[in-house]
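So the sequence lines, in the order shown, correspond to chains P and E. The numbering used here puts the first residue of the first sequence at 1, with every later residue one more than the last. The numbering used here puts the first residue of the second sequence at 92, with every later residue one more than the last.
Calculated directly from the structure, the hints in this document are not laboratory data. Heads up, a few of these hints could be off.
[Claimed, not checked] Interface residues of chain P toward chain E, partial, derived using beta-carbon atoms under 7 Å:
| # | residue |
| --- | --- |
| 1 | A15 |
| 2 | G16 |
| 3 | V53 |
| 4 | D55 |
| 5 | P73 |
[As the list claims (entries may be wrong)] To give an idea of the chain E side of the interface with chain P (calculated C-beta under 8 Å), a few residues:
| # | residue |
| --- | --- |
| 6 | N218 |
| 7 | W221 |
| 8 | N222 |
| 9 | Y263 |
| 10 | T320 |
| 11 | L367 |
We put the CB at the ideal spot given by N, CA and C, even for glycine.
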Amino acid sequence: MDTMRIQVTRTGGFAGIVRHAELDTAERTDAPHVHALAREAVAGGLRAPSYGVPDGFHYEITVDGRTVYCADPKLTDSQRELVSLVLREGA
Amino acid sequence: MTAAVPICAIVPPYVLDRLAEAGHEAAVHSLALDAAHRAARLSPPPPTGGAPGLNRVISDADHSQRLPGRTVRTEGRPAVSDASVNHAYDGLGATFALYADAFGRHSIDDHDLRLDATVHYGRKYDNAFWNGHQMVFGDGDGEIFGDFTACIDVIGHELTHGVTQFTAGLDYQDQPGALNESVSDVFGSLVKQYALHQGAADADWLIGAGLLAPGIQGVALRSMKAPGTAYDDPRLGKDPQPAHMRDYVHTAEDNGGVHINSGIPNHAFYLLATALGGSAWERAGRIWYDALTGRTLPADADFTAFARATVAAAKARYPGRSSIADTVTASWAQVGISPG
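Looking at chain E on its own, in the form it has when it is part of the complex:
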């Protein structure tokens, strides 16, 4: 089942127009995507009941930081008046759908784990996270960030931290940490592409498009297509992501720059998906999923170890079609990593 999901509608079109006029290529893409979203809203509402094994429980923290909060919507129940609740519900469904339909995975743990999420966590809380058991969403402060439930790629990103926890268990620091982050961006983007029926060539490859509040100079938090170009704002600073190993950032902050250096494997995935063409979840996504879940990747895998795992996964998944594995190798080479 593919849920027709509400996707970020926070950045008003005029802001995108202004960015687009100023020459932001990403804004032009975002505008095109926005048009697609508006068209999508014209289609009939999605069924509220889920696929087999899908079981969602959405709770409201009522601006406290106590979890899980009071239950406000359970599986199969109709939409409620609170948009954050419905966005979380639909985003969990869209993430479940990608993993089930594209990879045959039965929920986050592959054993039909119930998907729990809490909305309205804290006051003006600028974050969303997976706490090891459930999703947590803040409302954003309204000045820099909007509601974190508004982007399905953010929801897919966070739930993928759960998938990684149940599979490769990548350490959350330095290169394995940046891989952990990158894998979440990859599958978060694929959740959005799958929900919008987009091919690799049509996707915006942005993470958190629409999450930035109006007035912030940026189109998203990260760009897999062009790492380092998602935002440049007096209050936020400039997107610090590198796209190549020569620009790898050595820092003690952010667990060794896990949200910064993830730009390198992110870009390798983008290069592979666009080189292979078609739907990114079908081949590029399948290769990444096989590498992540193949039980051979150690928790302390660095970029090169992960690159090797993807090449091995491509050979195993597509025997007799060595051009696919060669394309995987070439994509890593373009970001300065030799799977060897």
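Next up, chain P with everything else stripped away, as it sits in the complex:
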């Protein structure tokens, strides 16, 4: 696949403020790296939202229509890198 559409929704946290961002890898020179990250992140995710910890962030990661869930502080390294990339550079 040449491009990927990655969406991240972050909920919870002390402030309880929702953040949503979306990234399309079409124009990115680092697309192969991001694709690998996204595949690993999805592979390590849960199919249903988890409880997490009070005030911890909850993440919903959708890659090309497939959605998985994870929650702080139990993110894999790829999930951590992916959600911070998408929330930082996504639209």
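Put chain E on the given structure of chain P with help from the hints.
Just chain E now, kept in the frame of chain P:
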């Protein structure tokens, strides 16, 4: 022991001035509080050693997300050059002091649990949380949030999640989840009021005052006095908290809106504390603490069950003074909850 704690100094006074000119009542309160903070800074530095049973360990994650990180300050050691470390240390001490002095509680678990905290968690990490064993603080991104160690009410809030975990164990979703959040806001605010020697009438009743970065239109994250009025900003949106059951928000997000609907029990506590007057931790706080720790509250308690527990706690704590229990009932009624 009451630690003289450093309290949020992130929002510059001019921002508060501007908000105050624009008619934000909370900003006016915050300005008054700020003046109190500046006066407090003139008092001599607090002793660095703690009360009996107080044992703090502060670690630095050095911007990784690995816990606990390297130890940077332990109990009784002098302040270090990193302000976040000292703020965390002092905030843990202030929280310990409220629970010990006002309620006779020996640390978070009532068995002298060592208080561990990690600062500089992650990069520009916009959060603080209790992970079941310790406190974790991010630095904030500097655009929306500042350093999460800067507010003692935030520290008190997070450690209270630990107290709830060791006592009522309220489920972290829907109404019991909103109660879990509200209890953390209540005792977080009381930690600040106790440290500042404030009566219920003088407190700002804000959660996270000073946590928002300069330029954000808001005075705090939540207001117990006026839920829904803490911020209104293009980037953050508007504070969504209701103050009454008729405005209860039904949502699947945020574990069923635990940070939203907490506004309702928060406001009931504010109404009770200000109706009773004096120091909020003495009677209103005592009643809430008794309800939380009385072993009768189920983990899935809804608002009405919690309200009933507070009325029962008031009757048990203040026999022969039925006006106090009546005031508890009236406070819940004002937010649309009938303890029945």
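Query raised in the report: Against chain E, with CB atoms and a cut of 7 Å, does the hint on P:A15 hold up?
Result: holds (5 Å)
**Report entry** Evaluation of the interface hint that places P:V53 against chain E, nearest CB under 7 Å
**Finding:** holds (5 Å)
Query raised in the report: Once the shortest beta carbon distance from E:N222 to chain P is found, is it less than 8 Å?
Result: Interface hint status for E:N222: holds (5 Å vs cutoff 8 Å).
Query raised in the report: Does the nearest C-beta of chain E fall within a distance shorter than 7 Å of the C-beta of P:P73?
Result: Cβ of P:P73 sits 6 Å from chain E, so the hint holds.
Query raised in the report: Holds or violated: is the Cβ of E:T320 closer than 8 Å to a Cβ in chain P?
Result: violated (15 Å)
Query raised in the report: Any CB of chain E closer than 7 Å to the CB of P:G16?
Result: Since chain E brings a Cβ to about 2 Å from P:G16, closer than 7 Å, the hint holds.
Query raised in the report: Taking the least C-beta to C-beta distance, is P:D55 closer than 7 Å to chain E?
Result: Cβ of P:D55 sits 4 Å from chain E, so the hint holds.
Query raised in the report: Hey, does the E:N218 contact hint survive, CB to chain P under 8 Å?
Result: Hint holds; E:N218 Cβ to chain P Cβ min 5 Å, cut 8 Å.
Report task. Report holds or violated for the interface hint on E:L367, using the least CB-CB distance to chain P and a cut-off of 8 Å. Result -> Violated - the Cβ of E:L367 stays beyond 8 Å from chain P, reaching only about 28 Å at its closest.
Requested in this report: Tell me if E:Y263 is really an interface residue toward chain P, meaning its C-beta lies closer than 8 Å to one of theirs.
Outcome: At 6 Å from the nearest chain P Cβ, E:Y263 passes the 8 Å test, so the hint holds.
Query raised in the report: Should the hint that E:W221 touches chain P count as held when the rule is a Cβ pair under 8 Å?
Result: Result: holds, 6 Å to nearest chain P Cβ.
Violation of the numbered hints given earlier is confined to hints 10, 11; the remaining hints are satisfied by the structure.
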